[in-house]
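Below, each chain spelled out in residue letters.
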Amino acid sequence: MVAGKGGVGKTTVTATLARAATRAGQSVLIVEVEGKSGLAGAFDQPPLGYEETELAPGLRARTLTPDEALVDYLENAGLRRISRRLASSGALDVVSGAVPGMKDILVLGKVKQLEQAGAADLIIIDAPAAGHALTFLLSPQGLLDAVRVGPIRKQAEDVTAMLSDPDRCRVLLVTTPEETPVTEVAETAFYLEDRIGVALGPVVVNGVYPPSRVPVGIDAAGIQNEAALLDVFVSDREAADLARAADFRVERARVQATQVERLERMLPLPQIHLPFLFSGGVGTEELDELTSAFTEGVDTLAAA
Amino acid sequence: MIDDIIENRRIVITCGTGGVGKTTSAAALALEAARRGRNVAVVTIDPAKRLAGTLGLDELTNTPREIDRARWDPARRGTQQGRLSALMLDTKTTFDELVTANAEDPEQAQRILDNRFYRNISGALSGTQEYMATEKLYELHTDGGYDLVVVDTPPTRHALDFLDAPERLMQLLDNPIFRVLMAPTRAGLRIAGFAVQAFLRTVARVVGREVIEDVIAFLRAFEGMEEGFRSRAEGVRALLADPATAFVLVTSPRREAVAEAVFFADELEKHDHSVDALIVNRVHPLFGEANADGLRKRAMSIAEQATGDGSPRDSAAVRLSALYENLSDLSGLAAKERRQVAGAAERVRSGEVAYVPLLPHDVCDFDSLHEVCRRLFDHGHGDDVAADHDDATDAGFEAGGTTGGR
Chain A
1 MVAGKGGVGK TTVTATLARA ATRAGQSVLI VEVEGKSGLA GAFDQPPLGY EETELAPGLR
61 ARTLTPDEAL VDYLENAGLR RISRRLASSG ALDVVSGAVP GMKDILVLGK VKQLEQAGAA
121 DLIIIDAPAA GHALTFLLSP QGLLDAVRVG PIRKQAEDVT AMLSDPDRCR VLLVTTPEET
181 PVTEVAETAF YLEDRIGVAL GPVVVNGVYP PSRVPVGIDA AGIQNEAALL DVFVSDREAA
241 DLARAADFRV ERARVQATQV ERLERMLPLP QIHLPFLFSG GVGTEELDEL TSAFTEGVDT
301 LAAA
Chain B
1 MIDDIIENRR IVITCGTGGV GKTTSAAALA LEAARRGRNV AVVTIDPAKR LAGTLGLDEL
61 TNTPREIDRA RWDPARRGTQ QGRLSALMLD TKTTFDELVT ANAEDPEQAQ RILDNRFYRN
121 ISGALSGTQE YMATEKLYEL HTDGGYDLVV VDTPPTRHAL DFLDAPERLM QLLDNPIFRV
181 LMAPTRAGLR IAGFAVQAFL RTVARVVGRE VIEDVIAFLR AFEGMEEGFR SRAEGVRALL
241 ADPATAFVLV TSPRREAVAE AVFFADELEK HDHSVDALIV NRVHPLFGEA NADGLRKRAM
301 SIAEQATGDG SPRDSAAVRL SALYENLSDL SGLAAKERRQ VAGAAERVRS GEVAYVPLLP
361 HDVCDFDSLH EVCRRLFDHG HGDDVAADHD DATDAGFEAG GTTGGR
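Residue numbers (my numbering), protein chains in the order written: chain A, 1 to 304; chain B, 1 to 406.
Quick caveat, the hints were computed from the structure, so don't treat them as lab data. Take these hints with a grain of salt, some might be off.
Chain B side only, calculated, beta carbon under 7 Å to chain A, not exhaustive [claimed, not checked]:
1. A52
2. L219
3. E223
4. R255
5. E256
6. G288
7. T307
8. G310
9. P312
10. A317
11. R319
12. D329
13. L330
14. K336
Sample of chain B residues facing chain A (criterion: CB under 7 Å; computed from the structure) [claimed, not checked]:
15. A70
16. P155
17. R313
18. L320
19. A322
Far from chain B by the CB rule (all over 12 Å, computed), these chain A residues [said to hold, decoys possible]:
20. T11
21. T12
22. P57
23. R170
24. V182
25. R195
26. P202
27. S235
28. L267
29. T295
Glycine included, C-beta positions come from ideal geometry on N, C-alpha and C.
All chains should be modelled from the sequences, with the hints used to inform the complete structure.
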């Protein structure tokens with residue numbers, strides 16, 4: 001399960017993890033719980049649907065939103081004809097609203113089904129960011145408190161067993177090296193372990209600026225000196241731009257390093273760093289680069 | 001004009017996906033309006049802890065708390081009569097207050113407040129938070145005595161939820177399921193048809209009879225209150241459609257965020273609203289001209305002069321080519337980001353787009369909020385890299401910034 005607040009690159013990390021796993025010879029199924037993410041776009045494919053699509057050899061993906069899972073459940077209960085009509089009228093919303101966490105249980109129950117059916121060597125859930133993914137994973141417990149008997153309770157029990165078994169399920173938290181995301185990922189981690197009892201994998205730190213050899217604290221005049229040594233002409237304007245850009249880079253690296261250290265102090269979990277990409281988006285090429293970095297990160301941890 | 005929005009509108013709603021700096025933008029807009037002399041309230045949904053502390057939102061109170069002027073304008077630079085208050089939306093309490101206000105008597109209100117189904121939906125039903133945000137907006141606008149109410153919307157992936165919230169609640173009340181459940185007679189059940197009966201039986205089997213009973217009890221208790229809710233929903237709808245209400249779209253250059261922003265803009269249009277302004281947060285500043293390729297070639301040709309012998313010439317070549325490479329990376333990125341944002345920028349009929357750059361720190365206190373305001377409201381001035389630079393060399397790419405990611 002890949003979890004993180006909005007904007008940290010959860011979808012990118014999901015795609016990266018999937019790629020790394022397929023490269024290691026595993027079959028992968030990505031399950032998109034919220035619908036409408038850029039995942040398919042990272043593989044140059046049209047948007048995902050409830051049916052599995054192959055994004056790359058050995059890599060399949062599908063959506064599994066609560067509404068879809070509910071309709072699925074009802075259809076299996078023999079209510080095919082009316083289930084979709086009821087879904088659009090909002091009635092299903094009401095019913096699932098009546099039982100807190102029911103929708104989440106249906107999604108997790110379906111995931112459990114896929115796991116037990118051996119749908120893939122690795123199933124990756126792109127977990128909801130709202131509330132830092134907490135409510136989604138808290139649902140089984142909430143339901144066990146609320147519902148005494150019946151098939152839903154059994155579902156909740158089975159799902160809880162799956163979530164709390166570290167050999168079956170791990171949560172990979174994602175953050176960027178910035179203050180608020182780091183604070184929140186640490187809080188989420190403790191909450192997940194304490195309240196839910198789910199095991200955590202390494203923390204993925206996304207968007208780490210690659211090291212640069214720009215000199216620290218150089219100004220336009222200093223740059224002109226360097227240029228003079230090389231008989232290279234640099235206009236005043238360009239020297240100023242180079243200096244400001246260097247300042248920015250150095251400052252950004254410093255801020256990130258501070259936050260990475262802070263993350264280490266707050267959360268004693270191994271970290272995997274993914275580089276910041278200057279391309280402005282994630283397509284196939286970028287995915288390759290990220291996958292290599294991820295695999296390297298995993299190998300380093302495995303060797304340690 | 002973004003200035004017009006904060007100076008003259010009565011309501012400003014910030015829309016956008018999660019992680020783009022929406023809450024920070026809402027706070028900055030509210031702060032600037034207060035500095036210009038207005039009595040402002042900002043409604044936040046899920047602010048980051050430090051920002052919440054700054055705004056005085058350490059405890060959950062469902063009424064706005066005024067922030068001491070000495071905190072948000074220590075240098076007393078703003079106009080005399082400005083005031084700033086903040087509130088963190090408490091969905092459940094807002095719903096409870098709404099029920100109490102609409103009930104015929106305290107007993108009816110209590111029956112609902114105690115009802116298990118109600119207690120579950122008042123926190124959990126999707127759309128409830130959005131609906132309560134609009135409800136709070138209505139209340140503050142009508143009774144709060146504020147010149148301006150700035151509302152941060154929930155970081156939902158579904159743009160419609162906020163706009164449609166009143167609609168959806170009404171739809172729910174009109175749902176045939178409810179009609180059936182509320183009709184105490186067999187005749188009512190027969191009319192509903194076998195499909196609905198089968199559905200209800202399945203539901204009872206799956207989640208237990210008490211759930212259905214809870215829903216029925218809720219609906220019985222709710223009887224007579226629909227009218228109140230309906231007219232309130234109508235009032236909210238009218239308020240959202242009022243020309244004194246402005247919609248400010250917030251995004252970052254991230255492709256997904258821009259796609260969401262475009263989607264939001266289209267949905268607003270479908271509801272006969274328009275985007276009054278676009279704020280693009282977390283942009284990389286543009287240093288000089290965007291000439292990534294040319295700069296990279298320079299970097300490479302300079303790198304060729306490196307001899308690897310550690311001499312001054314060698315170090316100079318390494319450093320100078322690194323400097324060019326860095327400038328190439330950053331200017332290429334800045335240009336790409338701007339292109340990516342273009343799709344959203346075109347949707348803004350007023351043409352009002354403000355860019356706020358990445359700042360080297362999170363926006364969590366009034367000093368950094370003021371920095372953001374400076375970027376949002378200083379049009380035509382150059383972009384700067386960090387707080388202390390002020391050279392106006394920018395080629396039309398304005399900057400400000402929030403790294404807060406909210």
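Over 12 Å to the closest beta carbon of chain B is the bar; see if A/S235 clears it.
At roughly 10 Å from the nearest Cβ of chain B, A/S235 sits no farther out than 12 Å, so the non-interface label is violated.
Measuring from the C-beta of B/A317 to each C-beta in chain A, is the shortest one below 7 Å?
Holds, about 6 Å.
For the hint on B/A322, does the least C-beta distance to chain A fall short of 7 Å?
4 Å, holds
Taking the minimum C-beta separation from A/R195 to chain B, is that value above 12 Å?
17 Å, holds
Measuring from the C-beta of B/A52 to each C-beta in chain A, is the shortest one below 7 Å?
11 Å, violated
Hint validation: B/D329 versus chain A, beta carbon distance must be below 7 Å. Holds or violated?
4 Å, holds
So, as I understand it, the hint says B/R313 touches chain A; can you test that by seeing if any CB pair is closer than 7 Å?
5 Å, holds
Chain A contact restraint for B/G288 - C-beta distance below 7 Å
4 Å, holds
Does A/T11 sit more than 12 Å from chain B, CB to CB?
7 Å, violated
Verify that the Cβ of A/P57 lies farther than 12 Å from every Cβ atom of chain B, and report whether the claim holds or is violated.
25 Å, holds
Given hint B/L219 near chain A, where the shortest CB pair must fall under 7 Å:
For B/L219, the interface hint is violated, since the closest Cβ of chain A sits about 10 Å away, which is over 7 Å.
Can we keep the B/R255 interface hint, with Cβ of chain A closer than 7 Å?
It holds, given that the least Cβ distance between B/R255 and chain A is near 5 Å, below 7 Å.
The structure shown violates the earlier hints numbered 1, 2, 3, 7, 8, 15, 20, 21, 24 and 27.
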